[in-house]
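Q: Protein sequence lines correspond, in order, to chains U and C.
40 is the number that our numbering gives to position 40 of the first sequence; each next residue is one higher, with no gaps.
54 is the number that our numbering gives to position 54 of the second sequence; each next residue is one higher, with no gaps.
Just so you know, these hints were derived from the structure itself, not from any lab.
Heads up, a few of these hints could be off.
For lysine-lysine, the following DSBU-like pairs were computed, each having C-alpha atoms within a straight-line distance of at most 35 Å [said to hold, decoys possible]:
#1 U:56 with U:37
#2 U:37 with U:68
#3 C:13 with U:5
#4 U:71 with C:13
#5 U:5 with U:54
#6 U:71 with U:37
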Amino acid sequence: DQQVKQNSPSLSVQEGRISILNCDYTNSMFDYFLWYKKYPAEGPTFLISISSIKDKNEDGRFTVFLNKSAKHLSLHIVPSQPGDSAVYFCAASPNTGNQFYFGTGTSLTVIP
Amino acid sequence: ETGVTQSPTHLIKTRGQQVTLRCSSQSGHNTVSWYQQALGQGPQFIFQYYREEENGRGNFPPRFSGLQFPNYSSELNVNALELDDSALYLCASSLGPSSYNEQFFGPGTRLTVL
Numbered sequence: 001d002q003q004v005k006q007n008s009p010s011l012s013v014q015e016g017r018i019s020i021l022n023c024d025y026t027n028s029m030f031d032y033f034l035w036y037k038k039y040p041a042e043g044p045t046f047l048i049s050i051s052s053i054k055d056k057n058e059d060g061r062f063t064v065f066l067n068k069s070a071k072h073l074s075l076h077i078v079p080s081q082p083g084d085s086a087v088y089f090c091a092a093s094p095n096t097g098n099q100f101y102f103g104t105g106t107s108l109t110v111i112p
Numbered sequence: 001e002t003g004v005t006q007s008p009t010h011l012i013k014t015r016g017q018q019v020t021l022r023c024s025s026q027s028g029h030n031t032v033s034w035y036q037q038a039l040g041q042g043p044q045f046i047f048q049y050y051r052e053e054e055n056g057r058g059n060f061p062p063r064f065s066g067l068q069f070p071n072y073s074s075e076l077n078v079n080a081l082e083l084d085d086s087a088l089y090l091c092a093s094s095l096g097p098s099s100y101n102e103q104f105f106g107p108g109t110r111l112t113v114l
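Sequences and hints are given; from them, build the entire structure.
A: In structure tokens form, the structure reads like this:
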């Protein structure tokens, strides 16, 4: 049972435009959410996180939005750059425990 | 500061065999988590080791086992390999077991079971 879902396997965006990656979850016990970026032949690297007590967190060009009532989070990248081309995973953790549940990933291509 | 390393990079085994994968954690990190990433899927949590003890386990059978050593490096052992065990195995180290500690991932070991 997939508790974290990324329904868009791929996304293409022009350089300089906004990239919006979406993630949905089903478990209401999740209270901490992260986005990871993964380049080929490398492990995922942490990008940005958000706690359930917030609905927005920004870090430079990256902003994560959390809508708890809809069990939905999104990652906005503005402006998108070719170096942002990678696979993006969202992950969630419950308030009890140390386990992360990952989505299936969205492959972002930023076209120069 | 050395990052997380994993060995080997690639491995081919046959059904029924046993395999050991290795992970060296980042300096100062006492926690290692292991994940299985099947093709087209996201990483799935196998288990976590904290100060040489298993500290949480995902939905994986007992033939998946692990160890953590005093230097906090770790091994993942899989017995009686099945075709479905073919995947990328990732380890991640962190300063502590809490979800709030950032996990640093290694590049993974690609296991193919024939």
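Q: Tell me if the straight-line CA distance from residue 37 (chain U) to residue 68 (chain U) falls inside 35 Å.
A: Answer holds: residue 37 (chain U) to residue 68 (chain U) is near 23 Å, not above 35 Å.
Q: Taken at face value, is the distance from the CA of residue 54 (chain U) to the CA of residue 5 (chain U) at most 35 Å?
A: holds (21 Å)
Q: When you check the alpha-carbon spacing of residue 13 (chain C) and residue 5 (chain U), does it fall within 35 Å?
A: Judged against 35 Å, a Cα distance of about 31 Å means the pair holds.
Q: For the pair supplied as a hint, residue 56 (chain U) and residue 37 (chain U), is the alpha-carbon distance within the 35 Å limit?
A: holds (19 Å)
Q: Would the pair residue 71 (chain U) and residue 13 (chain C) pass a check requiring their Cα atoms to be no farther apart than 35 Å?
A: violated (41 Å)
Q: Is it true that the CA of residue 71 (chain U) sits at most 35 Å from the CA of residue 37 (chain U)?
A: holds (21 Å)
In terms of the numbered hints stated before, the structure departs from hint 4 and from no other.
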